[in-house]
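Visitor: Sequence:
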Amino acid sequence: MDNLPDDYLERVYAGVLGKLIGVYLGRPVEGWTHQEILAELGHIRYYVNEQLGTSIVVTDDDISGPFTFVRALEEHNSDTFTKNLPSPAASASIGRTWLNNVIKQKTVFWWGGNGVSTEQTAYLNLRKGIEAPDSGSILTNGKTIAEQIGAQIFIDGWAMVAAGDPELATNLAHAAASVSHDGESVHAAKLWAAMEAAAFLQSDVDELIDVGLNAIPSDSLIATLIRDVRSWCEEDDNWLRTRQRIEDKYGYDKFPGLCHVVPNHGIMIMTLIYASHDFHEAMHIVNTCGWDTDCNSGNVACLIAIMHGLKAFDNGPDWRGPVADRAFISSADGGYSINNAARIAYDIVNMRRKLGGLPPLARPKDGAQFHFSLPGSVQGFQLTSVPKHTGCRVKVKQAVYGPKKRTGLEICISGFGKTTGSSVEVMTDTFAPVERWMTDRYNLESSPLLYPGQAIRAVLRADKENTGAAQVQFTIKAYSSADELETLVGNTVTVARGKTEILKDVIPTNLGVRPVQSVGLTISSSPTKTFGGTIWLDSLGWDGIPKLTLRARDASYGELDFCKHSFVNGADVFSMSNGKFVVAQDSGEGLVSYGTREWTDYRAVFKKFTVNMDTPAAPAGAAIRVRGLNRYYALRFLTGASGFRVALVKAVDDGRRVELASAPFSWKIDAPYDVTLEAEGSRILARVGDEVKLEAKDDQYPGGGIGLVAIDASLLVESIEIGPLR
1 MDNLPDDYLE RVYAGVLGKL IGVYLGRPVE GWTHQEILAE LGHIRYYVNE
51 QLGTSIVVTD DDISGPFTFV RALEEHNSDT FTKNLPSPAA SASIGRTWLN
101 NVIKQKTVFW WGGNGVSTEQ TAYLNLRKGI EAPDSGSILT NGKTIAEQIG
151 AQIFIDGWAM VAAGDPELAT NLAHAAASVS HDGESVHAAK LWAAMEAAAF
201 LQSDVDELID VGLNAIPSDS LIATLIRDVR SWCEEDDNWL RTRQRIEDKY
251 GYDKFPGLCH VVPNHGIMIM TLIYASHDFH EAMHIVNTCG WDTDCNSGNV
301 ACLIAIMHGL KAFDNGPDWR GPVADRAFIS SADGGYSINN AARIAYDIVN
351 MRRKLGGLPP LARPKDGAQF HFSLPGSVQG FQLTSVPKHT GCRVKVKQAV
401 YGPKKRTGLE ICISGFGKTT GSSVEVMTDT FAPVERWMTD RYNLESSPLL
451 YPGQAIRAVL RADKENTGAA QVQFTIKAYS SADELETLVG NTVTVARGKT
501 EILKDVIPTN LGVRPVQSVG LTISSSPTKT FGGTIWLDSL GWDGIPKLTL
551 RARDASYGEL DFCKHSFVNG ADVFSMSNGK FVVAQDSGEG LVSYGTREWT
601 DYRAVFKKFT VNMDTPAAPA GAAIRVRGLN RYYALRFLTG ASGFRVALVK
651 AVDDGRRVEL ASAPFSWKID APYDVTLEAE GSRILARVGD EVKLEAKDDQ
701 YPGGGIGLVA IDASLLVESI EIGPLR
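Residue 397 in UniProt numbering sits at position 397 of the sequence shown, with consecutive numbering throughout.
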């Protein structure tokens with residue numbers, strides 16, 4: 001921890017923002033050549049999404065991978081990542097995090113086919129029992145697959161955890177990259193991670209590149225490439241000429257596979273040399289060059305943002321505004337999918353603190369999910385509705401306010417004029433918005449962040465210079481069974497000039513399975529008086545266990561049903577038909593989950609749980625505290641040589657299912673049972689009706705959602721009741 005700069009948290013936040021901005025900027029032209037970009041768009045100096053009809057904030061493997069795989073540091077013992085590195089044990093642990101978070105054909109990365117997609121090939125190896133690092137080795141997969149670009153695009157999280165310690169960054173990068181890659185791809189990942197870690201403490205580009213070169217063999221192709229690029233940059237003093245030299249000697253046509261690391265790494269190094277102190281010019285160069293633009297741009301943007309901090313984004317285009325901190329992370333942990341740069345930054349800092357043996361930083365402002373404590377952070381909040389009459393102007397930004405210099409979301413309203421009853425709406429996503437399902441090429445598995453029965457709280461402050469009092473009302477948007485967003489409003493508070501008010505409410509329990517897509521505020525003038533001025537949202541958060549009943553019989557569900565999509569589907573078949581939740585798995589284990597890791601002590605009752613197979617040959621069960629595909633507690637219906645029984649098991653991410661308690665029980669195929677699961681501290685309890693009770697103690701998984709598990713089997717459930725223990 002001694003190596004960390006004083007502004008470590010802010011620099012990590014800048015690095016996360018840089019990664020997001022770079023990926024979002026490069027994504028629309030991913031795979032284009034330099035020549036195609038110039039012909040179609042000219043030089044890229046800002047987001048080109050509008051010209052190409054795409055969204056700016058999208059689901060992308062270059063975001064999901066870096067911020068999912070680094071969570072191995074949360075899931076595994078810190079000693080694995082700090083002693084005797086690089087080690088096969090560290091790679092194996094990261095490989096297990098892959099298996100806990102990657103759903104086949106759905107989450108994290110590009111599913112281009114076994115032997116085509118490097119990540120898919122490595123994932124299938126892991127599934128077969130080939131542990132990392134063998135899962136990604138040249139010996140296992142061949143040189144072509146092993147040396148594609150993926151290793152370096154997933155590396156930024158590890159570098160930010162190892163801030164100020166290039167050696168640790170190199171070792172972590174080596175362990176992580178080796179899960180899926182080998183050879184030159186691992187060299188590129190190690191070099192870039194070492195540079196990013198060093199960038200927390202120094203900004204001399206030549207020195208940073210030397211730090212990176214010290215992390216890899218001097219006779220490697222990556223080292224040779226960098227020597228060439230440095231020489232060419234010095235001779236040319238023109239990035240267009242240097243780019244052509246890279247293409248001539250190291251272009252795509254010189255390497256096998258679809259996206260080799262070497263050509264793209266050359267573009268990244270060239271960009272860093274020409275524009276390392278100008279974020280805006282770096283984005284121009286790296287994206288106008290073409291090839292794997294979102295990967296290259298994301299890595300370069302992250303490094304430069306780490307190097308210069310948040311000021312890297314100043315004095316140029318508004319990179320941060322359209323992004324609004326937003327990130328979508330597609331993994332089996334549905335509660336981490338709808339995310340923002342501030343939350344990710346805190347998580348990365350806490351991973352570093354864990355490695356250093358320190359307690360985690362708590363979320364500011366009494367643990368509020370939205371605290372706006374980092375400079376410029378809006379945590380996804382955006383203006384979503386303004387009065388229909390002309391002249392109303394609204395600005396939403398993070399600001400410091402009041403004599404105590406608190407941070408908050410500043411909502412500045414002018415132009416209500418003489419129109420009374422005017423209102424504006426400011427919201428942030430808590431579940432996937434409509435366009436994610438309509439336009440993204442990458443699947444987004446997610447569960448909502450906010451649920452019926454949870455208590456929500458906002459702290460508000462009005463500027464003393466306001467023209468009058470404002471009416472502030474909680475607002476949520478929830479999906480209907482027709483896949484349409486419906487606006488629901490809650491409690492209202494009047495915020496007078498210069499006053500602070502606390503707005504409280506409870507999310508309606510009658511929403512049931514309808515996902516809460518967004519939460520925020522509606523700010524209005526009174527019916528009789530106009531309003532103008534500034535309202536500060538100091539914080540907004542929620543707590544408590546949800547209180548809801550999930551039912552599958554309320555409507556007919558279509559292909560784009562958002563109710564169904566609020567479950568993370570890790571099974572071959574998950575449907576909501578004929579009034580029942582249906583899970584079926586052709587082979588192996590399938591898990592469907594719902595909820596977030598913030599659910600800790602609660603009860604779940606699975607009504608009319610039915611194992612639906614012709615023969616009682618395979619287990620099925622219900623789960624609690626689900627934290628991915630391989631980390632949960634479950635009650636399973638079992639049979640075998642010892643007869644029919646039920647068992648309370650703990651899923652362990654090395655593939656084991658450890659029995660914590662069991663009892664004989666003559667259960668029957670197609671017979672419905674009410675299954676109750678409870679978690680309270682380290683106590684896990686399971687009941688089948690009034691006939692069986694199992695109890696065990698285990699504290700490895702402190703929180704998580706509910707789940708349905710089928711292994712070579714199928715099951716039916718009529719409803720699921722979720723609520724507090726008492």
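No lab work stands behind these hints: they were computed from the structure. Remember, predicted model here, so these are calculated numbers, not experimental data. Just so it is clear, CB atoms sit at the ideal spot from N, CA and C, and this is done for glycine as well. Among the hints, a few may not be true.
No farther apart than 30 Å at their CA atoms in a straight line, the calculated lysine-lysine pairs in the DSSO-like style are these [claimed, not checked]:
no.: 1; residue 1: Lys354; residue 2: Lys395
no.: 2; residue 1: Lys564; residue 2: Lys499
no.: 3; residue 1: Lys564; residue 2: Lys395
no.: 4; residue 1: Lys607; residue 2: Lys106
no.: 5; residue 1: Lys650; residue 2: Lys607
no.: 6; residue 1: Lys106; residue 2: Lys668
Pair ranges (Cβ atoms, derived) [unchecked claim]:
no.: 7; residue 1: Val434; residue 2: Lys311; range: 31 to 41 Å
no.: 8; residue 1: Lys83; residue 2: Thr487; range: 17 to 27 Å
no.: 9; residue 1: Gly512; residue 2: Lys397; range: 30 to 40 Å
Visitor: Can you give the numbers of the hints that this structure goes against, from lowest to highest?
Guide: 1, 2, 3, 6, 8
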